[in-house]
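Visitor: This is what each chain is made of:
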Amino acid sequence: MNISRLTSARAHLSTVPLWILPLTFLTFAFFFPLARISFLTLSTSTFNVENLYSAQRVAWFTFYQAALSTLLTLLLGIPSAILFSHFDFRGKALLRALVVVPFLLPTVVVAAAFTSLIGPRGLFSTFQASLFSLSSFAFHPSPFVLILAAHVFYNVAIVIRIVGAALSNLNPKLEDTARSLGADPLHVWLNVTAPLLRPSILAAALLVFLFDFSSFGVILLLGDAQFSTLETEIYFQTVRQFNLPLAALLSIIQLVCTLLVSILYSRLMSRNSYSIAPRPAPAHKPNNFKQRIFTFALCSLLAVCFALPLAALPFRSFTRLEADRGQRGEIHYGFTTDYYEELFVNRRGSVFYAPPIQAIFNSLLYASATVILSLLLGFPAAFALVRPTRLEKILDPLIMLPLGSSTVMLGLGFIITYGRWLASPWLVPFAHTLVALPFVIRALQPAIASIPERLRQAAATLGASPFEVWWNVDLPILRRATLAAVTFAFTISLGEFGATLLIARPEYPTIPVAIERFLSQPGGLNYGQAMAMATILMALTVISIMLVEKSRFPNAGEF
Amino acid sequence: MKRYCFLLLTFLFLLASCASAQPAALVVMTHDSFAVSEAVVNAFEAATGAKVIFLPSGDAGLMLNKAILAKNAPLADVIFGVDNAFLSRAIDEDILESYASPELKNIPAAFKLDFSNRAVPVDYGDVCINYDKAYFAENNLAVPQNLEDLTKPEYRALLAVENPATSSVGLAFLFATVAHYGDSFADYWQALKDNDAVVVDGWEIAYYVNFSASSGKGSQPLVVSYASSPAAEAIYAETPLDTSPTASILGPNTCFRQIEFAGILKGTKNRALAEKFIDFMLGKQFQEDLPLQMFVYPVNPDAALPEAFVRYAQTPTQPATLSPADIAAHRDEWIQAWTNIMLK
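As you go down the protein sequences, you meet chains B and Y in turn. Just so you know, the first sequence maps onto residues 26 to 584 in my numbering. Just so you know, the second sequence maps onto residues 1151 to 1494 in my numbering.
One thing to keep in mind: the hints can contain errors.
From the structure, some residues in chain Y lie toward chain B, with a derived Cβ separation under 8 Å [what the hints assert, rightly or not]: (1) Ala1220; (2) Thr1316; (3) Tyr1357; (4) Ser1364; (5) Gln1443; (6) Ala1475; (7) Asp1476; (8) Ile1477; (9) His1480; (10) Asp1482.
Source of the hints: derived by calculation from the structure; they are not laboratory data. Note that the structure is a prediction, hence the values are computed from the model and not measured. Glycine is no exception: its CB is placed at the ideal position from the N, C-alpha and C atoms.
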């Protein structure tokens, strides 16, 4: 009793410095602005019956669609995570990188990619019509199904990254032992693998849930204006109706829900202890019939869901549709590089024109700053959270709040708190870090927890300094998880999640900004340039992710 | 530990140095669609010796709300892009300073909706229904001429409209129907719904995903867009065109006129410079730059229109109008009525 209190007191003392940086950041970038805007907008009229009724209706739908989307995402994500961590096959690196791409493309571009594929006059129907001489092909799933599908499409990468990181660190001896004791594959999975994976599955499910819960673009775009979640309703009430009291109520409900889900998550996490091998089993080629079927089926599914719609983008960016305007009725396809060439021309002499190289440079700069910043803040927080004292038990659920808070309200909070500072381009990586930080922490946390304390103690006994312990023991084991964290921070920044809603965007355009600019005006050339820019963004992401994954970490050994 | 403190200090220092930079700068808050030629901005900067910083702040509605919330410590000196749908809110919230620019004498009275000269008209554009010329030619279908035609069975499922709650273009078209039908506008929308009009959230989707004459090659040959969109289609065609693939329906009251205003934000510390910028925006150089930058028309009648505008862009002779006060008083109730009909 005495001893345990003593050690917990020592642990308590030692984690405080770890929190200084993350908490300072969260206080200034999140709690303070949000508190200010809440106090400003809450009034006695907030809690009238009408408001409470509509809030309850919206909250219920938000919860329902998020839970359903999360379930479906796990259903596709967990097998995919197994696929990527256990098996080697041709094109694996590319497919792995492609799955992340939807995560950062503007929703409009993804919608355009889908229509150019399966729309009434898209590639698929044109091809089909010429093949089967069908006049047209209509694809009309209900908006609700579309929302769910889009959420799976966007978020399956989260499950693959986080669960995959845990899977590839699993000690294969445990499964082997179970098997040699006579367990069939199902029992091995249920009794050995699944319990070991539980923390990472929970972490992934939590992130996916919160993303679906605060979903904005997808709901607006695909919901046919019939559905509203808390996030879209807050936007609508704030920006169109200027009903700030109701918006404040909705944003508080959203925060409370996020907090409850996070508390539930930390409760489930704290009941876990498990060990993971520092030397994981390498992936291998599928070596029996069942494995080959599994690999083939899942690869095909992922290729159809991801590679095909995404391939429509580069295809469209090199295709001219207007070639034969004289003879109407048929669409003729022709190869063109016009859109790419046009990217380099400032035709209107506009102040806001950015050469593609400049936009790419800006995007990469912001993304790198976001990676550094979020790792810098995320590592200490994740380390502190692994062996929770009373302090961590309180702080743990709070980490997730930025993901579940309304970007519109937070943006308004920034304005009344920081005013003209918002014109500074330095604030962009900070805004991106706010979204990336929960991902980074939750990606690192299960992996850090898996490091046996014995290893660190052994290293320390042998004379390693704390930094050497971190460098030689922790970092090699955390390789996979760090990669996942870096990928998240990098792609979140490249995709620029809702940064316009958060801060003003001064004259340093990024790729998504350029895409939006092209799409906001009519004309085939503008559309083509948007597709070309989106293709560049996609290529950049895929290349960066593949480079990051190829890079060797110290003492990583075989990769 | 020391390392953290050092980094923290560095960040704070960077923030502080950014915040205090550029004292002689004029900050102009705009919506995200704002565009202007570099040469035009350079001319202003050369004439005044000041630097102009543009602050894109979301769509028109979000921008205005940001300005209102920050009115005690204004984010910028000048705001551009408040349109007649939101004008009353800007006036009522008292975020603008009055300035009777000498340049206003050239501007037709029809654009000056704010008599106290706090909001100064800069440009205008008409929200109209665009049609796909080829579709109607191929199908031997007459082009609808007015709002009534759109409810006829031969145009079933051919029109894409934007949700007025989320799109300013959609809102403008709702205003046109209100101006034309008065209190019975709801019946008209019911008829449009019965005729399977397609509702989408925003202009980008309506135009690039639904409209059949755009590069998205969608399934609706009629879309609510701008009267200037046909000019843009011709100018930004993939291969040079001598005609536009689209045109606008210009019947009486089918189009709604949007006027965009600029104003000096209350509490500016750069009043003199802000006045100069307002004068500059009304002057010939800026006004002539507007059409090809934002596909809108200049309010200054002395400004010459670019050739492409004269050839392809059409202006309705009788656009629908509503007073800003009327809009402010009833906007929410109209949107609610629309939502009840179209989305239930």
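Visitor: Each hint: holds or not?
Guide: Here is what the structure says about each hint:
no., hint, verdict
1, Ala1220, "5 Å, holds"
2, Thr1316, "7 Å, holds"
3, Tyr1357, "6 Å, holds"
4, Ser1364, "7 Å, holds"
5, Gln1443, "6 Å, holds"
6, Ala1475, "16 Å, violated"
7, Asp1476, "17 Å, violated"
8, Ile1477, "13 Å, violated"
9, His1480, "13 Å, violated"
10, Asp1482, "6 Å, holds"
When held up to the earlier numbered hints, the structure conflicts with 6, 7, 8 and 9 and fits the remainder.
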